[in-house]
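Since the structure of chain A is already known, use the hints to place chain B on it.
Chains as they are written, first to last, in numbering that gives the first Met the number 0: chain A, 0 to 353; chain B, 0 to 1005.
Note that these hints are calculated values from the structure, not bench results.
Incorrect hints may appear among the rest.
As the list claims (entries may be wrong) - Dumping the calculated DSBU-like pairs for lysine-lysine here, alpha-carbon to alpha-carbon at most 30 Å:
hint	chain 1	residue 1	chain 2	residue 2
1	B	Lys599	B	Lys658
2	A	Lys64	A	Lys155
3	A	Lys9	A	Lys294
4	A	Lys66	B	Lys742
5	A	Lys73	A	Lys13
6	B	Lys827	A	Lys219
7	B	Lys599	A	Lys294
8	B	Lys599	A	Lys302
9	B	Lys742	A	Lys309
10	B	Lys226	A	Lys265
11	A	Lys155	A	Lys5
12	B	Lys742	A	Lys219
13	B	Lys658	A	Lys265
14	B	Lys742	A	Lys114
Stated by the list, open to error - Short derived list, chain A residues pointing at chain B, Cβ under 8 Å:
hint	residue
15	Val94
16	Glu95
17	Ser99
18	Pro269
19	Leu282
20	Pro289
21	Phe331
22	Ala335
23	Gly346
24	Ala350
Cβ coordinates follow ideal geometry from the N, Cα and C atoms, glycine included.
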Amino acid sequence: MLWVDKYRPKTLDKVIVHEDVAQNLKKLVTEQDCPHLLFYGPPGSGKKTLIMALLRQMFGPSAEKVKVENKTWKVDAGTRTIDLELTTLASTYHVELNPSDAGFQDRYIVQEIIKEMAKNRPIDTKGKKGFKVLVLNEVDKLSREAQHSLRRTMEKYSASCRLILCCNSSSKVTEAVRSRCLNVRINAPTEEQIVKVLEFIGKKEGLQLPSGFAARIAEKSNRSLRRAILAFETCRVQQYPFTSNQAISPMDWEEYVSEIASDIMKEQSPKRLFQVRGKIYELLINCIPPEIVLKRLLFELLKKLDAELKHEVCHWAAYYEHRMRLGQKAIFHIEAFVAKFMSIYKGFLIAAFG
Amino acid sequence: MDMEEMDIPQPDELEWLEANSHLHDEYEDFDEPPQPYPQDLDEEDEFQSQQSNHYHHQNHQQDPKPTLSIPPKTTAATTDSSSTLPTKTQIKKRFRSDGQDSSEDWARSEDKRSRVDDVRLENEEEEEEEEDWLRYSPPGRTQGVEVVEEPVAVVEEKVVSRFASEIDGDCVPVTGLDGDRVYAKMISRLEEMNGLKKVDIKGYSSGLISEPIHILIQRAETEAFKKALQASVEGSTDAILPETPVVNEKLWVDKYAPNSFMELLSDEQTNREVLLWLKQWDSCVFGSDIRTTTDEVLSSLRRHSTVSQHQKSARRSFSRNNRGPTLSKENFEVINGLGLENNDTKGIQESWNKKTKGPGPAGPPERKILLLCGPPGLGKTTLAHVAARHCGYRVVEINASDDRSSSTIEGKILDVVQMNSVMGDMKPKCLVIDEIDGALGDGKGAVEVILKMLSADRKSDIGKENVSKEEQIGRTSSRKKHRSESLSRPVICICNDLYAPALRPLRQAAKVHIFVQPTVSRVVSRLKYICIKEGLKTSSIALTALAEYTDCDIRSCLNTLQFLHKKKEPLNVLEINSQVVGRKDTSRSVFEIWKEIFQKRKEKRDRKYGNGCSSTSKDFEFLHSLISNRGDYDLILDGIHENMLQLHYHDPVMRKTVKCLHSLGVSDLVHQYIMRTQKMSLQVYQPAIAITVRDLVAQNERPNIEWPKSFQRYRTMLMEKMDILRSWHNRISPHISRHLSTKSFVEDSISPLLHILSPPTLRPVAVHLLSDKEKNNMFQLVNTMVSYSLTYKNQKADPVPSILRHETVVDVSMLSFDPPIGDLINFKGYSSDHLVLAAAVKQVLVHEVEKQKILQGSISRSMDPTDNCSEGNLRPVVEQKGKVQSAAFGCATTSCAENIQNAKNTSNLKQSNLVTNQVSAASGSTLSSTTSVQVSSPGPLKKPSGGSFNFFDRFKKLSGKGSENADNPKNKPATLERDSRPLLFKFNEGYTNAVKRPVRIREFLL
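Extracted from the complex, chain B is given alone in its bound form:
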């Protein structure tokens, strides 16, 4: 029946169809036969009886020997045709039952008839008499509703007798008009079947009609009427079908759930879109069987849809629906010519054009998944079910109550989507996944499975594209192959929150339809209809109020009405305001809440609800529940803070602003307190703060609300900078960094440091061209940079324009500080007067800093290799550092010997203990090794021993008694061993004055 419903074309289509049907032979086998409603005929008895009469007459005319026929008899019979009607019907029925080969059948029945007639001739008189009796049967029999009027079959000689004893079996007394009484034999059904070959009349005489004929007629009439009505409903839009009979126990929601597509209350546009989408599957799902109708319906749908983009999508679908190249060009033109009568010929022509030209194989729509979303109670699920049923699918639903783990759902979906049912109806299935956003963890499983299938599909699509293009003509085979791939059934997903994180991937893949509220009037008219049906007294004003109150949630409206009905109370406007009607716990979006806060409500609302109580308290309640339903006070208050100052409110001395910020401050305090003590119950006080703000600054015009970003931005930027500072802090040697907190650094040090690091006196020349004084300054600078572990680094994009504004070199990559400390004073809209060194100077500095670092590293390592093992980085001991560095710097510029002297001098000056002596010796040896290109082994040979002395020396000092004696012999073979295999190691080969010094492999291993 579903197929029938679907296939009933609209009148104009029919017209068109008839005009064209003969043109394409290929459709004829699945086209409807030209006669309208062939199957439906069996109900339309009147029509049939006329027809059968007609046929009858015809047949009798053709009959070679029409000895006796019934029609003359009936016409001869004086009165009611009701008794004769069954006979005609019977005949007609027989005719129809083997409708296909009607002509043959007729021949057979005529044969029978002739035989019967022969029999009849024999007892014609009796029969005549008998029929008279029948016709003038007592009124009680014919008119009684419950009495079954059974025309008695009297066929054989012994069937009717004056004496009951003459008849074997059951008999019925029959009294004629003249008072004669006969007994008629009652023939059982079995006998009757046997007797069929004897008398035709027998066949329709008994057992078939269990109800009085006028009831049958009545029913047939109503049924025909229904059919016609339904057809008309299908064509036009706004008729409402009579309801299914009432069952008391049912919920109204279920009872009045729409059964047909036209009953749906949801937005028509959406309905059509969904239906269109489903229809696009037809060619793929049903194959070629109903494709014509599909196209027609599609075109009609398309004609109805008004929005241009929808039209586009429809057209696209047409292009997908490959009509096949069998449609030749000439035919095509004929169609155009014929179709001109139609109103929308052009649209159709277009679609036909598309169809013929479109290269794609007949397949499912581009987006294989439909995602319906919207607030609860608007009829998403209903729409999905109704639309799917309407299109001839069997709906398989998976909802939140089912097990939705990925593995179980996969099997389920595969079952539905890829297989056809063998048992039961052969309808294809349509998968409806309800509440897909419901349980996020589980829902994800479903989403993943679907997406996996989609992606698999797409791959195969790409693979097939070329093939199908080539095989355009013999496309049927390719389509079959195509269908064997995954996801060949429509899948409809339903969710409430489109932006649930789990749905993100699905959102991109699926065709999304957002449900909007149906218009109030539509809902109200439906509600009113139901109320009338149920006998509930209401006014449309009350219903309107109810619908508005529930935001057009039909489900909650109906539930409320049923509840009231049960309580035998009429619905009136006041009750909606009172607690009788349960309010849904809906949470609105944050933006809506901000809008409510910043914008004054329309006076209308105040008036509506403001009977008795003051509007402010109503407002307060409304907002309070709104905000507390949403939760997330932190975000709400942030949004208030961000957007508040953009409002237009009258505030000459800033009083309001102060109050607002004060209350925001209070909310912050409360929030902090709650977080600290975990007393969540105190959250109750948060909405009140927002309402206070609202009372102060709410405006009439629509506010321009932005998402609060700056606080988050501040948070992340602060984190970033703190991170930079902290990592830098860790890189500075602890002797400096321990005195600096990051706070004091930013507060006190950074600005002077930047000044110090870029002295204006430094000339951009080569190092050896500088005077002694300048060299000294330069050394100071490099020293500072190294001790603060700063350097310059190439940077592609220039993030600090204000800092580098003195830069004259037009270089794409600029040198800037490596830990980007310059950024820390880079306030927006502020220009500092910091000098920036020329690029050449920076280059020199980078070079020098690198050199210095290497020197320091080598010094510190040679000084105490064991001490640094845990660190593995360059950390010189602080006292020696300065001196050694100065020495090292000198060594780079001046002669080596002088530097050793220098180093020794300085060290001797300040330190007399053994440790530093050793160290200076070690550094001296290092320096000598650096300057002399040919490294000689004796120089560095001493160094490790010096290191080891240093190492032991510490123990000596700590423990008083030296453990030297104990350790020395143990250490000696080790030193010997490593000295025997010296290793030349080059640092920084790229530099002209690359440092080379021997390092033992052991030092690396340590």
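Chain A with its partners taken away, still in its complex shape:
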């Protein structure tokens, strides 16, 4: 068991990072009926942890007894029937699912399956709550149509069902859905908070933490708590009596991106662009999302860039990322960004050094 899982707070009381949010949620659940909830925030900030703790708060520890079901649904869509395979995680009180798994057919999941689930009241009405909970992950990846069909479901079956939505960015959730939910923003933990958590874990594990070491890990973690804890454990495994200047192993793909960035800085030509393309393909093949590749690449490039170019480069990065999301072939757009950067940088070099 990794520390990430081992020291995950099980109840709202034990939450360290978002204590205030946790307390509010607890009050909300215990005092009155719970509204629909929308959790949003960057990855690794603790949304899921909070949701699980909340469920436990609502239904008690038996809410954690879950089983995985892989079920095929037959959806009748007018002229044809569509087979949808959906993995759900269900306890007696709640169902957790990821509707965006169905890709462009997510509409049917929302319209048929979720409605079906929402319609049916839970079996034991004598339980603590008169409703069951649907946890929908990655709502921001739902298509617009699916989100629209979701909002009616939210209103109609609110008597027997609560939705807890979880996503990274609320801007991709339609206004209508957002207004029907209590929006809960989960910040990325600050570095101080991360340090606090790391110290807590260190104490539990009985480790000696040299001063400043936790801060270094927090700094490298990109404000992701998961990453920080994992890095911490890695350090523990690699060399136990910590030294304050111990190397913190980086993410491999980030290393690779920085290699690409230095490639780009070294030479700007179509030939080099071709090599870069191959490397970007490598990243994409290994399931790294293209947006993250682009973002990371921008960071790496900005590190080495003259200050007066930064603004322009950022602008173009945003421009191409936007197009990438509209389009389908991410490689075209990432490559276009690289080409643009090369063009700008080369122009700058020529202007500066002749």
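Just chain B now, kept in the frame of chain A:
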């Protein structure tokens, strides 16, 4: 006539043939008689008449009593021989009509003649007189074209009289030179036949010639000329035959369709190949009748074909054509000696060598199907038809308009291929399947049928091979047997797209010929000829332009010309550019399109079409239509993307590249939008993007274009890895996996996880040698691996060299992570600094992980057997898991009692409710059972009851009021029953510390 056409040998062959013909008796019966053109003689009247004269004289010399003969008469007669000619011809004709037994016939006719002469003697004077009259008949009669010159037969005494009343029947007045007038009797045909025995002259005197003789002669002459011409055409190559007479309604395409092999416009090489292939069938189809000629033609064809590989195939065909062992060695040498005069003796000798030595039976060519492919309008169908007809087949065509379902076509093909026609001409059939790629679904039927027959054939071939080898000498019988098998007629398939998926199997089985465009000059000369014929005024420049414009598609050229002719317009160069000439909707291959995009067009073309308008807009139009005809923009743009950066274009600050990629991005956006909204009409804008790219990066030199693979590769690899991740994700217990998306896993977790899983501190020693601390670390590690359902697995090929570079053990099979998560950081050209455990450590880990899994499984099952029934896999409840696992691990290494204590302690510490108590008790009992070798029944006896308590406890808690009382009695007999029959079950017998515990059969059944 077809046979004749085919059998007319070339002069040098003839020579050779004559030289050799006497050598092999076996051929004589089917050889041509030594005299040339025996059948043709009946047209060559002049020659015949000379001959007949000759014969006549001879006969008269031999005649014992040549009382009166016609030749002296005719020579005596002063003037025109034209009137006398028919008589000779007549005689000659009679002679020839029973040509076989000529001598006998002559004897008979001489008999007759002598009798006739007797008769003649009686009224010699009269006749003489009469003949004079005839000769000096009025000029109007002889010279008038329409007037039938009928020599009047005057045979009997009463036939000619001064008085018409003396003659019964019809009569004709005849006036002599001296003014005497007589009446000649007209004898009807019937009478004439009867009278034949009386007078020979009667036979040729009337009714046979309906046209004036000079016309006949003329026709005979032209016909002979034609024959000679045709023969010469057959021999030399480039003569064009006079056309068939003009019929106005016909399409020119049909009207000027080539009728003979030499008229074909298609590439000569291909023509010859096709003909050669067809000829190879001869021995099989026609049997022995014409084999000699076949061989000769084959050899001549072979001599003409220039390419060496073709020669090879020809030679192979020779070797197939078994000449038979009757040809003895001596004969063979004689042939060589004689053949030395020939230019190509060596080739022939070779072929003869092959023939005699070749063991194979006389059979069809190796590839029994010919597949012709090429763009439309080049004359594939025409070639097939002409060649087949040329070789003496009757063509049976199946094309796309016919029903081509598998069942119907099978019958049809069988009819054609395996049977001979009984009625009509006895020509064998040749099957031509046109447009076999046309309708793919249906065409497949035809392909399947043919292939089935082929395969059946091959089987029988293999079976027969041995037999025929043995029976080389008496081969005729074996050949007959052979012929009865399937596919004994040539099959020619025609298609446009060789690479149509339906044709894939056929492509391997068939002999494939790809049509190439005929040369422009050839097409133009033909077009010019037709234009002259039709009286259409053209210039060769215009025709050349037309041919180029249509890519040498003769059909469309002709149609265009006819259209213009109908409109009474002359063809000029300008019109071709205007819309008068319809352009074919041809789609080019993608490679050609990419080439067009990446390579600048030659200036020549710009000049040619660039009169008036600018060349860029012309280019734009050209490319636009090219790309939009092809469709498939996605592929085209992918290809542009892949190959673009390999081009050489001047781009100092990457501006062009940026623009190109920008427009590619636009195309991607458009594509996505179209797909999403299904607005296909927006596809119109795609070609413009490709053209933009072209304007930016097109180069002069020839680009090296590759098929775009990397995007597809990326797609499939991504799918693969996602699949691995997803299945792994599903295997991890949900308490962990629910917090991890695959994305966040790859992004955040994998690198640290790999570090954590391979701690550098772990010593590769046995477990019991480790210190407590190390044991603890080890336990942590195993725990992590189990909770993430990871393990090591033997792998034959090492896919992750960078990961395993610390591996010191020289083992062929390496241990690597079971879900291959190591691959996920294995970027090309990147070396990570991940440590890899020694193989020994891995072995230990694998062992421990297995053990841990089994323990967990047993714990979870004993904890709540009913809860897991739907899952059937190992899924422990999360709270207890950690503790129980630790206990389990300890149990493996240390004593049992301590562990139970430990487990109880930990459980007591954190949990006070009934559930966990029961569970810990259950786990304790399990552990005790695992360590003690002799399993005692009382230990595990409690466990099921504990499980059931657990089960009921849930209900109690949920519903408040326990349903325990209601359920207990029901459950009791069940527990009793299963306790009465304990079952010992062994897990993992191979391990030294195999876990044994009793399991009820019911638990399996649940």
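### Straight-line alpha-carbon gap Lys599/B to Lys302/A, limit 30 Å
Roughly 42 Å separates the two Cα atoms, so the pair is violated.
| At a threshold of 8 Å, is the proposed contact between Ala335/A and chain B supported by beta-carbon distances? | Hint on Ala335/A: holds, closest Cβ of chain B at ~4 Å, below 8 Å.
ask   = Keeping to a limit of 30 Å between CA atoms, is the pair of Lys599/B and Lys658/B held or broken?
value = holds (19 Å)
Going straight from one Cα to the other, do Lys73/A and Lys13/A come out at no more than 30 Å?
With Cα atoms ~42 Å apart, Lys73/A and Lys13/A exceed 30 Å; violated.
*Once the shortest beta carbon distance from Pro289/A to chain B is found, is it less than 8 Å?*
Result: violated, 11 Å to nearest chain B Cβ.
Handout entry: 30 Å limit on alpha-carbon distance, applied to hinted pair Lys742/B and Lys309/A
Key = holds (28 Å)
Lys64/A and Lys155/A: Cα distance at most 30 Å? Holds. Lys64/A to Lys155/A sits at ~29 Å (cutoff 30 Å).
Practice problem: Using Cβ atoms only, decide whether Ser99/A comes closer than 8 Å to chain B, and label the hint accordingly. | Solution: For Ser99/A, the interface hint is violated, since the closest Cβ of chain B sits about 10 Å away, which is over 8 Å.
task: Tell me if Phe331/A is really an interface residue toward chain B, meaning its C-beta lies closer than 8 Å to one of theirs.
output: Result: holds, 5 Å to nearest chain B Cβ.
- Message: Holds or violated: Lys827/B and Lys219/A, Cα atoms, limit 30 Å.
- Response: holds (25 Å)
Is Lys742/B close enough to Lys219/A, meaning Cα to Cα at most 30 Å? Judged against 30 Å, a Cα distance of about 20 Å means the pair holds.
Please verify whether Lys66/A and Lys742/B have alpha carbons no more than 30 Å apart. holds (22 Å)
Hints 3, 5, 7, 8, 10, 11, 15, 17, 20, 24 from the earlier list are contradicted by this structure; the remaining hints agree with it.
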